[in-house]
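**Q** Listed below, chain by chain, are the residues.
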Amino acid sequence: MTGDGLLTKFAATITFDRYEDIRAALFDPDLSRTFDKRSYEEGNIRAGIVSIQHGAVHRARRRVENTQFRADVLRLYERELFPKVMDDLLDRLIDSDRVDLFPIGEMLSVVLAARRAGVEYDAASLDDLRALVRLVDAFSQGAAILDARDPNAVRTLVRDAYEEFETRFVRPAWRRRAEAIARLRRGEITEGELPHDILTVLLLHREDPSLELGDERRVVREVATYLQGGTHTSAQTLVNALDAMFERPDAGRLLERVASDPLFAQRVIQETLRLRPTTPKARRRAEADTEVAGVRIPKDAQVVLDFAAGNRDPDVFGPTADDFDPDRPLPPNVPRWGLSFGAGPHQCPGRAVGAGFPVPAEFVVDDDHVYGLVALELRSVARRGVRPDPERAPERDLRTARFTRWLHYYVRFDRSATAVG
Amino acid sequence: MTRVTVDPELCVGTAECVRLAPQAFDIDEDRGVSVPRPGAATTDFDILTEAALNCPTRAIAVDGEAR
Numbered sequence: 001m002t003g004d005g006l007l008t009k010f011a012a013t014i015t016f017d018r019y020e021d022i023r024a025a026l027f028d029p030d031l032s033r034t035f036d037k038r039s040y041e042e043g044n045i046r047a048g049i050v051s052i053q054h055g056a057v058h059r060a061r062r063r064v065e066n067t068q069f070r071a072d073v074l075r076l077y078e079r080e081l082f083p084k085v086m087d088d089l090l091d092r093l094i095d096s097d098r099v100d101l102f103p104i105g106e107m108l109s110v111v112l113a114a115r116r117a118g119v120e121y122d123a124a125s126l127d128d129l130r131a132l133v134r135l136v137d138a139f140s141q142g143a144a145i146l147d148a149r150d151p152n153a154v155r156t157l158v159r160d161a162y163e164e165f166e167t168r169f170v171r172p173a174w175r176r177r178a179e180a181i182a183r184l185r186r187g188e189i190t191e192g193e194l195p196h197d198i199l200t201v202l203l204l205h206r207e208d209p210s211l212e213l214g215d216e217r218r219v220v221r222e223v224a225t226y227l228q229g230g231t232h233t234s235a236q237t238l239v240n241a242l243d244a245m246f247e248r249p250d251a252g253r254l255l256e257r258v259a260s261d262p263l264f265a266q267r268v269i270q271e272t273l274r275l276r277p278t279t280p281k282a283r284r285r286a287e288a289d290t291e292v293a294g295v296r297i298p299k300d301a302q303v304v305l306d307f308a309a310g311n312r313d314p315d316v317f318g319p320t321a322d323d324f325d326p327d328r329p330l331p332p333n334v335p336r337w338g339l340s341f342g343a344g345p346h347q348c349p350g351r352a353v354g355a356g357f358p359v360p361a362e363f364v365v366d367d368d369h370v371y372g373l374v375a376l377e378l379r380s381v382a383r384r385g386v387r388p389d390p391e392r393a394p395e396r397d398l399r400t401a402r403f404t405r406w407l408h409y410y411v412r413f414d415r416s417a418t419a420v421g
Numbered sequence: 001m002t003r004v005t006v007d008p009e010l011c012v013g014t015a016e017c018v019r020l021a022p023q024a025f026d027i028d029e030d031r032g033v034s035v036p037r038p039g040a041a042t043t044d045f046d047i048l049t050e051a052a053l054n055c056p057t058r059a060i061a062v063d064g065e066a067r
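Those sequence lines, one after another, are chains A and B.
One point on numbering: in my numbering, the residue at position 322 of the first sequence is 322, and numbering is uninterrupted.
One point on numbering: in my numbering, the residue at position 42 of the second sequence is 42, and numbering is uninterrupted.
Since the hints were derived computationally from the structure, they do not count as laboratory data.
It cannot be assumed that every hint is accurate.
To be verified - With beta-carbon atoms standing in for the labels, derived distance ranges: (1) B/Arg58 x A/Leu398: 38 to 44 Å; (2) B/Asp46 x A/Phe27: 35 to 41 Å; (3) A/His196 x B/Glu9: 24 to 30 Å; (4) A/Arg396 x B/Arg3: 49 to 55 Å; (5) A/Ser416 x B/Thr42: 53 to 59 Å; (6) B/Arg31 x A/Pro249: 52 to 58 Å; (7) A/Thr167 x B/Arg3: 52 to 58 Å.
From the three backbone atoms N, C-alpha and C, an ideal C-beta is built for every residue, glycine too.
Let the hints inform the model, and build the full structure from the sequences given.
**A** Below, the structure written as structure tokens:
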């Protein structure tokens, strides 16, 4: 790897492509996401964000931020907040019988991602939502910069996006939350009366030196990370799920099952995540000599974790691992999404927001179950009679080498279909 | 007798253990970490093992034997 501010020399490059080996690597404390010192510590567009922290700072940050992903919060979003928001937005956005579904998926996801991140916006304003989606697109390119075809252009784009994001969406929210925290400290309100979002908990705990949040721009980048993470994967997965079903000869039957059975819709989403991870490969840097799955890894080696291959490991997912089969049986303790949310300390904190709780083969839904927002979105568009648009082919996102990303996905809707049920 | 511990230095408070074994674990909200509940020692060993396996930071230790 050379140029573009990336580290030019690794002691070695080692690739893992088997499920269990990748899991072992993800749990190894000597393999860090802070693998590229120059890119990640000197003017890096993602400097200091939780995703690339390692060790004690990472753990401290996650303890504070994970409070926003508790099961009771997930249920509140899924059962009370999201259904109405989703149906209202779909009614407004599906304004003809042929639409581009990808930006609609982004708009659906950004509403709640922005709320969870803690930015101020008008949920009824399509202008605000479109602006947030545009910023998410920039942040997503930044998150995938190691696979970008033009990294310098991405850096410029992301820096400009941070400026706009901070001024338009974060600063108004910051002021309001700072006032609320001041009232808490004066004893005028309780902690339960504070807003429940990432920005609030960051500001509430910001003076804790273990969080390393003294730099205000770092707070802005952290909030942007959660906005992006909560939007992009969900929108891509919604479209990928439909694309995977449309490829099958029994697509119509699958869509009927999705429309009528939320648990099947959830299995479709989780199977889609397995076969089409939004991050097909991840990389780590060895902070010290270590060993994974019998392979010696020298300090400063680059370790490539091929999630897409590990998710098709026949030793785990069986001889039909390459097939799209939402009903496939699974070994115990293997999530249907495979490695697509990572594992170990850096496991995606929002995995249950988008994909819900794990659904093993014999799973029976209980009162506490969370289906995940993308399954609800998929079910809702299935009920509205979604089908491919034979006259307009979907367009992949060619700005990145990641094969699972779309820019446009044109579909048609049967406008006589019901959205209620 | 089963002995269950959570290393507070490693735990990041995902509460995955609480979801899998609510009778055995709780979140100490002041510290943002999981702690064993009094009922942990008598919780089904397989459930405790599943909680330990699913802990993303390997903070949970379960000592003892399946009954």
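**Q** Please go over all the hints and tell whether each is borne out by the structure.
**A** Consistency of the hints with the structure:
A C-beta distance of roughly 40 Å is found between B/Arg58 and A/Leu398, which places it inside the suggested range of 38 to 44 Å. A C-beta distance of roughly 21 Å is found between B/Asp46 and A/Phe27, which places it outside the suggested range of 35 to 41 Å. In this structure the supplied range 24 to 30 Å holds for A/His196 paired with B/Glu9, their Cβ-Cβ distance being about 27 Å. Look at A/Arg396 against B/Arg3: about 53 Å separates their beta carbons, and that is inside 49 to 55 Å.
Hint check: A/Ser416 to B/Thr42, Cβ distance near 57 Å, so the stated range 53 to 59 Å holds. Between B/Arg31 and A/Pro249 the beta carbons are some 54 Å apart, a value that agrees with the proposed interval 52 to 58 Å. Taken as a hint, the range 52 to 58 Å holds for the pair A/Thr167 and B/Arg3, whose Cβ atoms sit roughly 54 Å apart.
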